[in-house]
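Visitor: With our numbering applied, the sequence shown corresponds to residues 263 to 663, in that order.
A few of these clues could be false.
[As the list claims (entries may be wrong)] Straight-line alpha carbon distances no greater than 25 Å define the calculated PhoX-like cross-link-like pairs of lysine-lysine that follow:
id, residue 1, residue 2
1, K375, K605
2, K652, K593
3, K491, K557
4, K344, K453
5, K271, K388
6, K304, K493
7, K281, K271
8, K281, K454
9, K515, K543
10, K375, K624
11, K539, K519
12, K454, K332
13, K619, K637
14, K308, K271
15, K543, K331
16, K380, K344
17, K304, K344
18, K493, K554
19, K280, K331
20, K456, K344
21, K456, K557
22, K282, K435
23, K453, K388
24, K456, K280
25, K491, K619
26, K329, K345
27, K659, K352
28, K652, K633
29, K454, K331
30, K454, K637
31, K634, K388
32, K619, K652
33, K456, K380
34, K308, K345
35, K435, K659
36, K308, K331
37, K477, K515
[What the hints assert, rightly or not] Label pairs and their in silico Cβ distance ranges:
id, residue 1, residue 2, range
38, S431, N630, 31 to 39 Å
39, I601, I495, 25 to 33 Å
40, Q405, A525, 26 to 34 Å
Everything labelled a hint here was simulated from the structure, so no lab data went into it. Cβ coordinates follow ideal geometry from the N, Cα and C atoms, glycine included.
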Amino acid sequence: MSERQSQWKNLLLLIPQKKKLRILIHASSMGEFEQAKPIIEKIKSKFPETEIIASFFSPSGFRNQQKYKKIDYSCYLPIDTKKNAEYFAKQINPDIAIFVRYDLWLNTLTSLKNIGSKNYLVCATKPSGKFLTNYKIGNQYLQECYSQFEYIFTVGSDHSDFISLFYDSKRIKALSDTRADRILDTVNIAKKNKILPDSLVGDVFLFIAGSSWTKDETIISQAVNLINKDKFICRVIYVPHEPTERNIEAIEKLHNKVIRLSAILNELKVFDTDILKNNLKDAHLVVDSIGKLLKLYANADAAFIGCGFDDGVHSVSEPAGYGLSIASGPKINTMPDAIELNKLGGLKIINNSNELKIWLEKIINDENYRKKISKINENYILRNSGSSEKISEIILKSAVK
């Protein structure tokens, strides 16, 4: 965290004095900021002159959002000492502060409230067991943090029930995750501007391995190699969670022919798709850069979401928004959407390569079954959309009182 420690004050000095309504959005990292984006965009659409300042705990979150045009300034959240927090609050001087999920820092929250900021917690979830254990956060700390908020918006009733142990239940509202709104926007754009042209991909079934880890990749390759034994009917696009050279080279060894996405995209600038289509014959792809996964779902027929054999499956909401059939490893308890989609039949739990082979063959060969799952997943995201509108409306009402 040396980057955060060395730069936070200098970044604050670049922020001018407040001239208009100013809102601070704090997100721990990139994933949490994605949850904030639909709220930011609703606020900007209603009050375009509002100044939005985004603060981050992680350098990756800070760096990856530099091109996002809806924020006016960005900075790091300093280490949560009383002195740092008071300086941070006075320098930014927001009218409203919005914190995302459970990245709660008592000195910062208190200092913001002391200067008159109205604080809100959005997409709130109960802290994970790992979080509580590692940071020894007790009930008193949570109660003091929650007490600094005007209102808390959770992602579900079970999270509301937990937070109501420490906070007035009348000021808690259970809504869906704002990511559903973001996903619908992304889907509409990506389907019109696919990374890979349909004419290039061909008629083979396209199976995307999203945020994959080694165990995921091993199981996927074993299943797909068996499916393709007699005829190449299923192409995998591997999108490793960490696209390091070492990880990419390991994926390249899983099949007879694996091509890097960067090479394909470079060749698309020079050659027509007929030539490239021949080069892609019987080949799988590996994505060797970040930021492509959400758009690549638009090309896919089904998805396997990674980390379900490790710490816990990554987000299944995005492929659900595209109406994809989804599978993952068994560890889904950290992801509410995964739990719900599994109950509905939109997410298949896989324990080994044989189970994946059987499921994939059914998805490939039974179009009616695939369409049924597609409808389940699309409808789930549609039902859960609209919360960013409700949140922004309540927050903005407090600003114009």
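Visitor: Are the Cα positions of K435 and K659 separated by 25 Å at most?
Guide: holds (16 Å)
Visitor: CA of K539 to CA of K519, is that 25 Å or under?
Guide: It holds: about 14 Å lies between the C-alpha atoms, which stays within 25 Å.
Visitor: Decide if the proposed pair is consistent with the structure: K280 and K331, CA atoms, cutoff 25 Å inclusive.
Guide: holds (19 Å)
Visitor: Starting from K477, check that the Cα of K515 is at most 25 Å away, please.
Guide: Holds: K477 and K515 sit about 14 Å apart, inside 25 Å.
Visitor: Take a quick look at whether K491 and K557 sit within 25 Å of each other, Cα to Cα.
Guide: Cα-Cα ~29 Å, so violated.
Visitor: Can you confirm whether the C-alpha distance between K453 and K388 stays at or below 25 Å?
Guide: violated (35 Å)
Visitor: Measure nothing beyond the straight line between the CA atoms of K652 and K593; if it is 25 Å or shorter, mark the hint as holding.
Guide: Judged against 25 Å, a Cα distance of about 32 Å means the pair is violated.
Visitor: Decide if the proposed pair is consistent with the structure: K619 and K637, CA atoms, cutoff 25 Å inclusive.
Guide: Within the cut-off at roughly 22 Å; holds.
Visitor: Within a Cα-Cα threshold of 25 Å, do K375 and K605 meet the stated pairing?
Guide: Violated, at about 41 Å.
Visitor: Is the Cα-Cα distance between K652 and K633 25 Å or less?
Guide: Given that 25 Å is the threshold and the Cα spacing comes to 31 Å, the pair is violated.
Visitor: Taking 25 Å as the top limit, are the C-alpha atoms of K308 and K271 close enough?
Guide: Given that 25 Å is the threshold and the Cα spacing comes to 31 Å, the pair is violated.
Visitor: Between K308 and K331, is the straight-line Cα distance small enough, at 25 Å or below?
Guide: holds (16 Å)
When held up to the earlier numbered hints, the structure conflicts with 1, 2, 3, 4, 5, 6, 8, 10, 14, 15, 17, 18, 20, 22, 23, 24, 26, 28, 31, 32, 33, 34, 38 and 40 and fits the remainder.
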